[in-house]
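Colleague: Taken in sequence, the protein lines are chains A and B. Just so you know, the numbering used here puts 5 at position 5 of the first sequence, and the rest follows in order with no gaps. Just so you know, the numbering used here puts 318 at position 318 of the second sequence, and the rest follows in order with no gaps.
Do not rely on the hints blindly, as some may be mistaken.
Said to hold, decoys possible - Capping the alpha-carbon separation at 27 Å, the derived lysine-lysine pairs in DSS-like fashion look like this:
(1) K295(A) x K295(B)
(2) K238(B) x K15(B)
(3) K295(A) x K238(A)
(4) K60(B) x K70(B)
(5) K15(B) x K60(A)
(6) K60(A) x K70(A)
It is worth saying that the hints were derived from the structure and are not from the lab.
There are 2 protein chains.
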Amino acid sequence: MRVLILGAGGMIGLKLAHRLVAEGQLAGQTIEEMDLVDLVAPSAPSGEMRCHCHAVDITKDGAIDNLIAKRPNLIFHLAAMVSGAAEQDFDGGYRVNLDASRELFEVIRHAHELDGYTPRLVFASSLAVYGAPLPDPVPDDQLRAPQTSYGTQKAIVELLLDDYTRRGFLDGIGLRLPTIVIRPGGPNAAASGFFSGILREPLAGLPSRLPVSHSVKHWLASPRAAVGFLIHAAGLDKEAVGPRRTITMPGVATTVGGQIEALERVAGPEATALIEHVPDPSIAEIIDAWPRAFKAERAAALGFRAESSVDDLITVYLEEDAPGGVGL
Amino acid sequence: MRVLILGAGGMIGLKLAHRLVAEGQLAGQTIEEMDLVDLVAPSAPSGEMRCHCHAVDITKDGAIDNLIAKRPNLIFHLAAMVSGAAEQDFDGGYRVNLDASRELFEVIRHAHELDGYTPRLVFASSLAVYGAPLPDPVPDDQLRAPQTSYGTQKAIVELLLDDYTRRGFLDGIGLRLPTIVIRPGGPNAAASGFFSGILREPLAGLPSRLPVSHSVKHWLASPRAAVGFLIHAAGLDKEAVGPRRTITMPGVATTVGGQIEALERVAGPEATALIEHVPDPSIAEIIDAWPRAFKAERAAALGFRAESSVDDLITVYLEEDAPGGVGL
């Protein structure tokens with residue numbers, strides 16, 4: 001089997017590539033070769049597998065043709081301009097998140113019409129397809145009503161994924177990933193950054209700022225779980241998924257207060273004392289429009305599994321990503 | 001005010017143009033000029049108003065620029081490749097129903113960035129954005145899960161309409177129109193054709209075939225109501241509509257049996273005797289995936305009004321469209 005990862009230089013893409021190299025197979029099939037693609041060429045994970053690393057701007061003419069010419073059996077499409085950037089750069093967001101995705105589907109369709117090529121395509125969608133007002137928990141058949149250009153672009157690609165799959169041009173599965181906690185690295189400017197920061201920084205003995213109240217509730221999964229979702233999706237039975245090809249992934253529904261209690265259980269009150277509550281109304285307003293929790297019944301029925309507590313999220317981080325952890 | 005109607009040669013477009021010419025104003029504003037556009041130039045309604053009729057293929061480069069150069073204050077976007085054709089012609093359906101609509105939005109956006117131009121744009125969407133399984137009645141916040149390429153294209157344009165409106169580039173309102181009954185003219189090949197045919201043909205003393213059972217239920221409105229929806233949408237307060245810009249229009253929820261009973265009340269048993277039940281499983285299967293009825297609460301709150309019975313639908317037809325009626 002040949003695997004293509006678009007967006008392989010991102011945090012999840014890198015972890016996915018490392019895990020596939022380490023395991024050498026997927027859904028019972030040996031992976032012979034892997035193409036890792038991002039704007040900057042990702043570094044190849046060390047291992048037995050032949051990995052080709054490419055610096056490719058997928059919005060450029062012909063870029064996707066070259067990648068699909070190798071007829072990868074399995075494509076992970078994780079490439080995206082992130083939410084804040086797509087809101088700042090209207091043209092850029094549509095070009096990367098909508099047009100490049102549609103071009104990918106079109107190149108696959110033309111290959112399909114040529115020689116019957118029909119790859120499994122796993123697409124990373126987003127909870128940003130949902131917009132307030134939202135029930136808590138959000139059911140699987142909730143209306144997609146995004147309130148950002150990024151969410152609009154992801155919702156459109158979900159619709160295209162359904163239509164191209166229904167037509168038989170490709171075999172698409174979309175995953176709406178929870179907010180990833182604990183992200184490795186340092187503090188960042190994302191509105192969601194504090195969900196990781198209030199755990200990660202105190203675990204390292206560093207101070208962290210909390211911009212919202214303890215009652216704020218959100219839907220979280222670890223980087224390891226996210227990689228597990230992508231791999232599980234790659235091996236799913238096509239018919240079992242049905243016509244609605246994008247599935248909301250399971251997660252841990254927790255309040256910020258629940259996160260802090262878990263931190264105290266793992267690292268004691270000296271850790272939680274490092275969290276300073278500095279209310280930021282602009283961040284509170286953004287987060288307030290986000291979904292709080294999901295009734296992810298389809299994902300459960302299809303065998304997707306996430307962590308069951310914030311304690312687990314912390315454990316995964318300490319094992320895998322914390323300074324001194326085992327690494328990728 | 002200057003008005004542009006894209007798709008002005010269709011049944012609803014023609015009726016809309018005639019009514020606007022007859023009334024000479026909309027939402028309290030005088031209409032000075034009107035541009036009527038379709039693949040074949042529509043004929044100008046007779047009246048005082050200056051109407052310019054154009055044969056334009058809106059998928060051609062620059063075609064939309066020319067139309068928007070006149071800065072119409074109000075645009076009715078009714079142009080579309082119909083469902084069956086868009087299913088047959090994948091490229092054509094996406095080109096007309098998605099790409100031309102997006103190009104229209106883009107040309108408006110660039111005009112907006114140039115000189116602040118922000119027209120009201122009324123977009124004709126479709127119940128085809130919904131796909132089985134569906135509750136009965138379908139609520140306003142039902143998931144858009146189309147099962148045709150046409151429905152996919154309409155759902156995508158609904159999403160774009162929300163995003164372009166949220167960004168302030170245009171002031172969009174989308175309407176999901178019910179199935180139009182009684183359509184003037186003769187029998188046609190559309191799967192929905194019989195909803196009109198079983199009333200229209202017997203009213204003219206002609207036989208008609210019914211391909212589905214009496215228990216089949218659907219959502220209907222007259223051509224006159226559809227034109228009324230478009231005109232009402234043109235005058236709606238922007239803020240009252242909120243961020244979800246497309247609204248399911250009110251209609252009459254009726255079974256085929258209910259249609260036949262109404263026909264008997266209006267035209268007697270000699271009319272209903274002209275309906276021959278010739279089951280067609282392929283049509284029954286298509287119709288079975290369609291919505292049966294809607295809880296169109298948003299439309300009601302915004303003042304959209306439809307007929308309240310099949311008897312009314314028949315009355316509208318006899319007044320307006322039946323041979324010997326008053327005409328457009």
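Colleague: Tell me, in ascending order, the numbers of any earlier hints that this structure violates.
Modeller: 5
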